[in-house]
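Just so you know, the protein sequences line up as chains A and B, in that order.
As numbered in the numbering used here, residues 1 to 450 make up the first sequence, in order.
As numbered in the numbering used here, residues 451 to 570 make up the second sequence, in order.
Please keep in mind that the hints were generated in silico from the structure rather than gathered at the bench.
Values in this document were obtained by computation on a predicted structure and should not be read as measured data.
Idealized CB from N, CA, C, for every residue including glycine.
To spell it out: a stretch of chain A is covered by chain B in this simulated footprint if at least three of its residues, at any positions, have a beta carbon under 8 Å from a beta carbon of chain B; those stretches are:
id	segment
1	195-202
2	347-361
To give a feel for the contact side, a few chain A residues facing chain B, derived at Cβ under 7 Å:
id	residue
3	Ala50
4	Ile51
5	Leu54
6	Arg235
Okay, here's what each chain looks like letter by letter:
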Amino acid sequence: VPIAVVGAGPSAVYATQELLRKTAESIDIFERLPTPFGLLRYGVAPDHPAIKSLVGPFVQVLSDERVQFVGNVEVGRDVSVTELRAIYSAVIFATGAPESRRLGLPGETLSGSMSAAEFVGWYNGHPEAPLVPGGSTAAAVIGLGNVALDVARILARPARDLAQTDVPEHVLSALRCSRIRDVHIVGRAGFEGVKFTAKELREIGSIEDLDVVVHGDIPSESAISLRAAPPNLVRSLDILRSWSGRPRTGAPRAIHVHVGMEPVDIVGDEQVVRVRFRANGRGSGGSSRLELAAGLVVSCLGYRSAPIMELPFDRATGVVPNVRGRIVRGGAASPTEFVVGWAKRGATGVIGSNRADAIETVAELLARQPPVDRPTRPMDIIMHLLDDRSARSVSWAGWQGIQAVEARLGASVGRPTAKIADRHALLLAAGCPSCTGAGDPRGPDEGGRQ
Amino acid sequence: MDIRPAAMTPAQPRGGVELVAYVVTAPCIDSNDRSCIDQCPVDCIYQGSRMVYINPDECIECGACEPVCPVDAIFNEFDLPAQAHHYAEINAEFCAASGATGGAIGFRGGSDHPAVAATP
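Next comes chain A alone, as it looks inside the complex (with noise of 0.2 Å):
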């Protein structure tokens, strides 16, 4: 009896891997976005090619004649959860944290102010990121972890490294035209609290064109020896050290490293113009005030779950309440209903962490499979209810066309790829007869919608 994957991201993958080798049912799996692969494709930054290969074995995976993708389909809007759970015998959500944690400070909804998922999802191409305002010639990233390192990185980077990755040629174009020349790291934390990775850190400082500024003393070997420092931080605080007291080299742009700062406003009348921060006494050495003239702040403070129609869902944790992955309704664990990766331990961990915890659920999964009636061809029922509600699905096919169309715009520009980041424009990529071989007989203009 098939089991149903709301989500295609990297835990969805896992699950579904995993469900292929434990079992022979036949997987559905159920996408928001016209496009799989979630946050490998639009939160993995593009100049990380390695991590971006995981692409390569993630299509083994969905590729499987036991997968079926249904792409641009939201579960909750275009199909219930109650239909998922009376068509399939088990239904595992891979809903991720979509949502990112904010500051609460007055102008953070000024243009120009954007969350960290926002800014990702920008520069990833993501069908509903909002354009980044060009023109300013600082910008403010808030929070010490790797996603605060990625946005700054894309900010400072020459515009040239970025050619032979996939970012979307609008993106690129305005990396390109970009004015910026410092880009500031703040964070509330002491040096203590900074939760970047070391090897992440370390790359900064190996960017062509870009200088890395640290403000404030950082706390010597000793004094962190003494305090039995995790191995990263030791590391991490060695890397900024390093860096410590360096004189500019005279390159165009630098990254600034500032902790113990707490953001005050976001000042504009329209567009952010500043914003303004007070030392709070976790980082010594520093001045008392920071002041940037920045006209686009990103505040990088972590992701978050967002409540699914009809899921139970804790606003304390952020998670879906779940026993080792099988979902809690009302004090009692569902039989039928899984949840994995974000959606189920909170947004921490990298790529890869997501495989234990989809082996995790799929055990659970298999451990008590109670016996169910349900219908064996259950993509006949769905479709015929997408078909009802106008809704128009994305197939394998259709995503294999996305592929090839921006493979031809990308090499247009002399570029391997170039993502198409416009969800209209992915509908009608994914429907475009000469690429998917098969073709789609609805264009996307019937029967479809916005």
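Using the hints, position chain B against chain A.
This is chain B only, laid out in the frame that chain A set:
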């Protein structure tokens, strides 16, 4: 029942870029913990008999393995402690000698690197 393993070998290993790799070091010997294996998205952690080894040509340097190791045996090559520098070669040589390549699923285990086998 048709149960076929889905292979996880990247079509273009390491995205065509030069990387350093993660390296498994001495604390792994006889620890018998294999948590790292389930975390690796490219299945590049291979079992010897007394420890596991990372194939440096397949590692994409994602870092998923490092924090789950209960004995802190895994390091980025860049961060290897001085006394463990030779483990970069030990990992690579084990993989070359045992045919530990193409994904750990289906790998039957290899004989430990001589330096590891000789560890008391």
